[in-house]
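Since each chain sits alone in its own frame, please combine them into the complex, following the hints.
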Amino acid sequence: MVAALAVTGEVLTAGAMRRIGDLDVIRERSGLGGAIKAVLRSPMFIVGALAMAVNFFALLFTLSVVDVSLAAPATASLTYIGNAVAAKIFLRENVDKRRWLAATFVVVGVILLAH
Amino acid sequence: MKHTLTPSRYLVLLAVMLTASIGDTMLSHGMTQVGQVDLHHLGLLFSALRNVWVIGGILLLIGFFASYLSALSWADLTFVMPATAFGYVVVAFLSRFWLHEHLSLYRWAGITMIVCAVGFVANGPSRTEHEATELELMDAGVGR
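As given, the protein sequences belong to chains F and V, one line each in that order.
Under our numbering, the first residue of the first sequence carries the number 1, and numbering increases by one thereafter.
Under our numbering, the first residue of the second sequence carries the number 1, and numbering increases by one thereafter.
Beta-carbon label-pair distances, calculated as ranges: (1) V:Leu-45 with F:Ser-30: 31 to 41 Å; (2) F:Gly-21 with V:Ser-47: 41 to 51 Å; (3) F:Val-65 with V:Phe-93: 27 to 37 Å; (4) V:Cys-116 with F:Gly-33: 32 to 42 Å; (5) F:Leu-60 with V:Phe-93: 19 to 29 Å; (6) F:Arg-92 with V:Gly-35: 41 to 51 Å; (7) F:Val-108 with V:His-100: 18 to 28 Å.
Simulated from the structure, these hints should not be mistaken for laboratory data.
Cβ coordinates follow ideal geometry from the N, Cα and C atoms, glycine included.
Isolated chain V (complex conformation) (with noise of 0.2 Å):
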């Protein structure tokens, strides 16, 4: 395994754990604005296009899909699920600080682990390297 990681791609890994977060936060928020949405009343799904906090909680998912794909293009699914879970911890700092929400110990036990987590990972390699195949190699050219 490799550790490759320069400090561009780990402010992609930032991307991928504030992102998502982020983006659900704005989403939920907006949604509370634009009211309870059902069969019935399907026409609001598109007033909710117009809603600042929707539109900027959509931009970010697209943001967080996007950094997502980048990130395992270079590193490994499991080098990169920690920095995804890590989402959990910012909203419930989100929760905490913005919307001022209680934090109980368990939750407070869970951030620490996750954070634990993502600091076993983040110290190791970032991608596993596979021996070429001969096929490869010839692919490569490096076989002639």
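The following block holds chain F by itself, in its conformation from the complex (with noise of 0.2 Å):
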């Protein structure tokens, strides 16, 4: 629940960012201003941003109720999975043997590090 969670809002405010858009070149265009209000009026990065924050809550539950030294690393590991598999399916991004790899690696070196 708690990775699903940080997939989802990950996914949906990457799908967003893409939306809207090279935000150095807005920021060049119409200043900070202009690129923050980009940024807050994507209703799909709104959802995006309550899902993570959503998501820092049922974490806080889980490490209330769950050992840390399983759920951190659990749920981090989840989540880089879970963020390759749904960039591939809902962001249509390339994810070459090469980032697979890297997923990989990374949910190895998570579980390693809480050790």
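Below is the structure:
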């Protein structure tokens, strides 16, 4: 549940940023205020940010009932793999061998760091 | 996929890597100074906002979110992800060299794997370019 919320939030946010376009270009054209306005006007970004906020509280609750040494790496690992799968399906990102390998290394690395 | 990263964009990715982990560490350090907050002592949260470490941590986390959103506007999520994971490495180094905690062999192995993961994607293209649909081409005036 925690990982699913994190993946939902990250994929929606990434999708929103892709739709909005390059923030550097928007900032050059309409200034920092214009870039902030463009982000805050995106419903997809708002839903993604809400999912991230709910994820934050869900993680806090999980940490209060499950051992942190299990919950933290487990949710982080599931989130990284879930993000790679969701980015391929929903954002149509070209997740090539290099990126799968990177996601796998991150998952194993996070698990090892928790030891 | 195109590789379009300029030096300033590498700096944004560096900010993504550093701000979240250093911000979290500063918040954690500040909150240990403030003391335990529970439902009966919620006022402590307001006094936490006067703690220099907490203020610094919050500012760095705002900086993280801004640089993360900026990175996602010109790079794929699967490209930026390992950069966020690199924060774990920064926290491990901070705990070793600032808080003088012991890092086990497992942790060194974990650090090595995450550094390798960052290396894999950093050498690759940053963004998937989708072919524009007919409608998008018309919107852009290319199809006329």
